[in-house]
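S.K.: Residues per chain are reported as follows:
Protein chains: 4
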Amino acid sequence: MIIVVKNSCEPSQFENLMEWIKDLGLDVHVSRGVHTTILGLVGDTSKVDIDLISSLDMVDQVQRVQEPYKNANRKFHPEDTVVEVGDVKIGGLNFQVIAGPCSVETEEQIIEVAKAVKASGATMLRGGAFKPRTSPYAFQGLKGKGIQLLLKAKAETGLPIVSELLSVTDLDLFADVDVIQIGARNMQNFELLKEVGKTGKPILLKRGLANTLQELLMSAEYIMAEGNSEVILCERGIRTFETMTRNTLDLSAIPALKDKSHLPVIIDPSHATGVSRYVEPMSLAAIGAGADGLIIEVHNNPQKAWCDGAQSLNPTQFDTLMGKVRKMLPIVGKI
Amino acid sequence: MIIVVKNSCEPSQFENLMEWIKDLGLDVHVSRGVHTTILGLVGDTSKVDIDLISSLDMVDQVQRVQEPYKNANRKFHPEDTVVEVGDVKIGGLNFQVIAGPCSVETEEQIIEVAKAVKASGATMLRGGAFKPRTSPYAFQGLKGKGIQLLLKAKAETGLPIVSELLSVTDLDLFADVDVIQIGARNMQNFELLKEVGKTGKPILLKRGLANTLQELLMSAEYIMAEGNSEVILCERGIRTFETMTRNTLDLSAIPALKDKSHLPVIIDPSHATGVSRYVEPMSLAAIGAGADGLIIEVHNNPQKAWCDGAQSLNPTQFDTLMGKVRKMLPIVGKI
Amino acid sequence: MIIVVKNSCEPSQFENLMEWIKDLGLDVHVSRGVHTTILGLVGDTSKVDIDLISSLDMVDQVQRVQEPYKNANRKFHPEDTVVEVGDVKIGGLNFQVIAGPCSVETEEQIIEVAKAVKASGATMLRGGAFKPRTSPYAFQGLKGKGIQLLLKAKAETGLPIVSELLSVTDLDLFADVDVIQIGARNMQNFELLKEVGKTGKPILLKRGLANTLQELLMSAEYIMAEGNSEVILCERGIRTFETMTRNTLDLSAIPALKDKSHLPVIIDPSHATGVSRYVEPMSLAAIGAGADGLIIEVHNNPQKAWCDGAQSLNPTQFDTLMGKVRKMLPIVGKI
Amino acid sequence: MIIVVKNSCEPSQFENLMEWIKDLGLDVHVSRGVHTTILGLVGDTSKVDIDLISSLDMVDQVQRVQEPYKNANRKFHPEDTVVEVGDVKIGGLNFQVIAGPCSVETEEQIIEVAKAVKASGATMLRGGAFKPRTSPYAFQGLKGKGIQLLLKAKAETGLPIVSELLSVTDLDLFADVDVIQIGARNMQNFELLKEVGKTGKPILLKRGLANTLQELLMSAEYIMAEGNSEVILCERGIRTFETMTRNTLDLSAIPALKDKSHLPVIIDPSHATGVSRYVEPMSLAAIGAGADGLIIEVHNNPQKAWCDGAQSLNPTQFDTLMGKVRKMLPIVGKI
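Residue numbers (the numbering used here), protein chains in the order written: chain W, 1 to 335; chain B, 1 to 335; chain X, 1 to 335; chain Y, 1 to 335.
Since the hints were derived computationally from the structure, they do not count as laboratory data. Some clues are possibly wrong.
One copy or two, it doesn't matter: identical chains are merged, so the pair holds either way.
Unchecked claim - Calculated lysine to any residue pairs in the SDA-like style (CA-CA distance at most 20 Å, straight line):
1. K260 to W20
2. K47 to G33
3. K118 to T106
4. K131 to D51
5. K334 to S120
6. K89 to H77
7. K75 to Y137
8. K334 to M322
9. K143 to S103
10. K145 to N73
11. K324 to I335
12. K131 to A225
13. K70 to S135
14. K198 to Y137
15. K6 to A256
16. K22 to R32
17. K198 to D170
18. K194 to D170
19. K194 to T169
20. K152 to T106
21. K194 to Q140
22. K75 to V42
23. K334 to G323
Predicted model, so just to flag it, every value in this text is computed and none were measured.
Full structure from sequences and hints, please.
M.R.: If you want it as structure tokens, here you go:
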């Protein structure tokens, strides 16, 4: 960590700062310039409160040299992490597609979709039982019953299941869920992160709509600090000024996260774009950018034929997409 | 609600959509144009899922005419809401300043600060006991003990207290807290919103770093839908591309929120700017823009003299600010 | 265009608005509701000033049904535009790679790079002669001499050349340049757009750092309104809150632009990411998303070996990338 | 400037970098750590290309300690600059209001508005003759004739005039204009900045919709590098994700700019909000935040009564606002 101190500060303030740094167990290298003095802090600075220091009047600037995350940091864990969900491996050379409906609706629906996506090559089943909705008046999911239906679909197809948890108080219901999803709105619900960290289960952690990649890694660190290193990162679109697309899918996040971290990174093109006909191009784009997997909405809802255009693909569209996915993987060295 | 449908859609899809709308109990006015047909939906559309409709291939655009919130909407409640916290009134013509330290640290600290801010004219005491921190390695607050110390300061000074709740599981500890704060990171923690709605206590709801004003009002709606109309909205800076200030304090939010809603709106200049010398100008700016109150960090920490420049004001700076605040209120018609 | 009028407005104001609309040669359909009245404007509304209308007190909301651009609009030109630069075709099924150095430096440099990128498969040469720099103290390009050197490289290799124009006053120097580039900072320099429109040359129009896709199409419309339909759109990263990457490359812009417009869309991964090792993944991602081409920085600068890591690729890296590009094109149906 | 170099780089690369720095006339202090080496550059680094350095593979991070602007920098010019326009002073303790119509329309209109705003206390007249419009089909201003009408209004009232220049080719027409405005879209039209720098006239420089404060100061530097220090900075709203207001007026820009620079800062609440009823609260907010002036749209257009709600105030509303402005100035120490 580098601290640039204004030379106009009181000598006593400067002494106080130096002592406080040394009390943290750190060494300091001092370079005096004409207007400013540069302090180079040497040692483990991951626990130093950068906001506190940068708010001091005497401080001109502060910059971390060392990242504030350790467990998620590639510097201390150069090899790619491969998360295992039953027999399914994600990360490293392994590429996986998670598919299923936005919400679990009926037993028939979830089992039919599960069979269809499995036939096309998906290796995990997604489905929402607890739905975070902007409006208190919108459908909030089948909750516990939704989880039961997912488990039936798993029994029927063998696909491991992924579902979103909204509250610590529902954790018991997720005992047999294979991968717990933390949604974008809860990315910084730190109490929830600690609790899912304690489960030891694989966690699919979605980036918040307006969270930086460093904050995403800090949230992964919350989970990992509880001893759980099975974290899958997921980019699902960020909030920008653009309005022609629902969100802006940030695919540069993939190489940037892989530079900084060893954790697998997957992409959710369905929520990012909100438009089914953009799902295929953005899925292929994600593979080009180096993603370790995709999570895609697929529905099977013949009685609501007018709904064809939603962000979900139907099984035929999904099957076409999977054919192209398989062709692309060798070009980027994935299996 | 207005739905613009492409004339290229199948007649059967069009019929399905029309039936679905009528099943929701709404009337539809149809205007056919050359390329598109405009549907005007008449009735209570606050519960219609706009995302679902806009994702249909046959739909070109959808626009709400009616806002998706009712309880928070000024159209249905033209008079300003005045929230009462003991004898303290906030909203309407009433202007209040909430002050206190970022974190509760010791009994001595919180009582000393409480006395100081009261002497300068603050009418409520703030203090963090549960702290949401980006890093799992940062200090997370005194928790239950912090709440106890706040209650002592209340007993000593008579000031009502405001403190942040992070998790439903800690709600019992807040039984004697006067105002429960929901922080920016939990603005869309809908499970938490429902629970604080049930308490009937005044809720200080902070806008998320990247949440729109409509989303803020929808989160207020979650609380109000539980029968609790005592909601104070708080703007505390939004995330933008600018890096010279920590966040961008969005003061146009004040007149915009007051157009749309009857709820009181306060401003947190301390967190928005992160720099103590910006707190005074941004406080006066907030009053100019029509705020109903301020929430300001004040510390009293002589043993950490090097920390003078933090985002907190010291009691002397706070006293100076309060003098200017009192001069400004008559200009904007506040008491 | 739909205008939602508040029923609380004065009848005389309403009459004034209706007359004003009719004076514009438009028909109006009126639907009266309880709180609001909806006006559906029928006719050519592309020239109606939406800002003016939406700023009226009596108006609740305004929404365009018809886009404000005509020449760039796919509705009126369903087939993909194919821009021809000599024998090189861009758009439709044709995919092209434009490559070359950020700045033209010396005759030796530009000719060597031109030969190298041609050998690897690039079909156009880029090179900056006029450089827009944030600082007045930074190198501003070789200007006219740089253009001369590009023309020599063209003579040597046969590659058409692409270079950026900053000011109307330099237009004469671009008489033999094949494609004139309008950079991101000048995307809304409307006087410059009109002038390059008059040249009839192919124009490579870069999206501004914080401009919406609709604004990009409106700027294309400025060029096309002068009778020049040879416009190539280019996405090069937008400004967001994220700081781990230089800009956020918005690849969803590709399917969104192709929905709305018939113009070819290319991607600049070099400027978007600012890091050479991200150029390959983001290039492959762009192809996956449906781009019609890439514009990539390639340098050849052995005497500045320490500069290897810049956003430019060296010829070997570029050659490797081109190998993967060729493998990907058939998957997305490009040649 | 601080450069953090990875210890994994080649010794020869490190040597090359060291030599290159020394060739720039700078001294280097080297601190070697376990994973990284910190270089502290001492000397005038305002002309070092930070983008180039940060793009090197061997470089982990770069940070400026010294700002890249000199003429605009308060460090080298601690006193506030007071710009004089005839007898009118702006900056320091002086507060001024510039008012007038968005566009100059007729002689009668501009003279009537000029007299009205002068009577209420405005000290300069604004009016657009050249209008930058997103659409090529929108009204683009009266151009040269508009300037002539402004000069008549000046002759009639004695008010200095402010008008926007779009292109170097129109500069001759501005010979008698008192203050040349550079609009938001041209903030980085560097060729235009250089030319207005050469005029020696006061320049009103508006911040671009998505430009950082540092970029605004760099654009001021372009003007000042030509020997013209008469620059007035203007914040007029930035582009964010929020859609309930047209732009987000960034009032924290005022204290932040005043920390970094000695130049006067004014606010345009009319364009920022786009809604006339928000102009008064945001004007008072701007004064609270420490602005040196306001630029406000005022129209006088009885024959277009339906247009009352536009972003412009009418003369009566402007007069009411000016009364409140005068009451506020003493609180913030302005005259």
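S.K.: Taking 20 Å as the upper bound on the Cα-Cα distance, should K145 and N73 be classified as within, between, both, or neither?
M.R.: neither (38 Å within a copy, 34 Å between copies)
S.K.: Which holds for K47 with G33 at a C-alpha limit of 20 Å: within a copy, between copies, both or neither?
M.R.: Cα proximity of K47 and G33: across copies only (18 Å, versus 28 Å in one copy).
S.K.: How would you label the pair K324, I335 (within, between, both, or neither) given a Cα cut-off of 20 Å?
M.R.: both (14 Å within a copy, 17 Å between copies)
S.K.: My question is about K334 and M322: at a cut-off of 20 Å on alpha-carbon distance, are they close within one copy, between copies, both, or neither?
M.R.: This pair counts as both: shortest intra-copy Cα distance 14 Å, inter-copy 19 Å.
S.K.: Is it within, between, both, or neither for K334 and G323, if the alpha carbons may be no more than 20 Å apart?
M.R.: both (15 Å within a copy, 17 Å between copies)
S.K.: For K75 and V42, with the copy left unspecified, which applies at a CA distance of at most 20 Å: within, between, both, or neither?
M.R.: This pair counts as within: shortest intra-copy Cα distance 17 Å, inter-copy 30 Å.
S.K.: Should K194 paired with Q140 be assigned to within, between, both, or neither, using CA atoms and 20 Å as the limit?
M.R.: between (24 Å within a copy, 13 Å between copies)
S.K.: With identical chains treated as interchangeable, where does the CA-CA distance between K334 and S120 reach 20 Å or less: within a copy, between copies, both, or neither?
M.R.: within (18 Å within a copy, 25 Å between copies)
S.K.: Between copies, within a copy, both or neither: which fits K143 and S103 at Cα up to 20 Å?
M.R.: within (10 Å within a copy, 37 Å between copies)
S.K.: Pop the pair K260 and W20 into one bin, within, between, both or neither, using alpha-carbon distances up to 20 Å.
M.R.: neither (30 Å within a copy, 29 Å between copies)
S.K.: Is it within, between, both or neither when you check K75 against Y137 at 20 Å Cα-Cα?
M.R.: between (47 Å within a copy, 19 Å between copies)
S.K.: For K131 vs A225, is the C-alpha pair at or below 20 Å within one copy, between two copies, both, or neither?
M.R.: between (27 Å within a copy, 18 Å between copies)
Going through the hint list in order, the structure does not satisfy hints 1 and 10.
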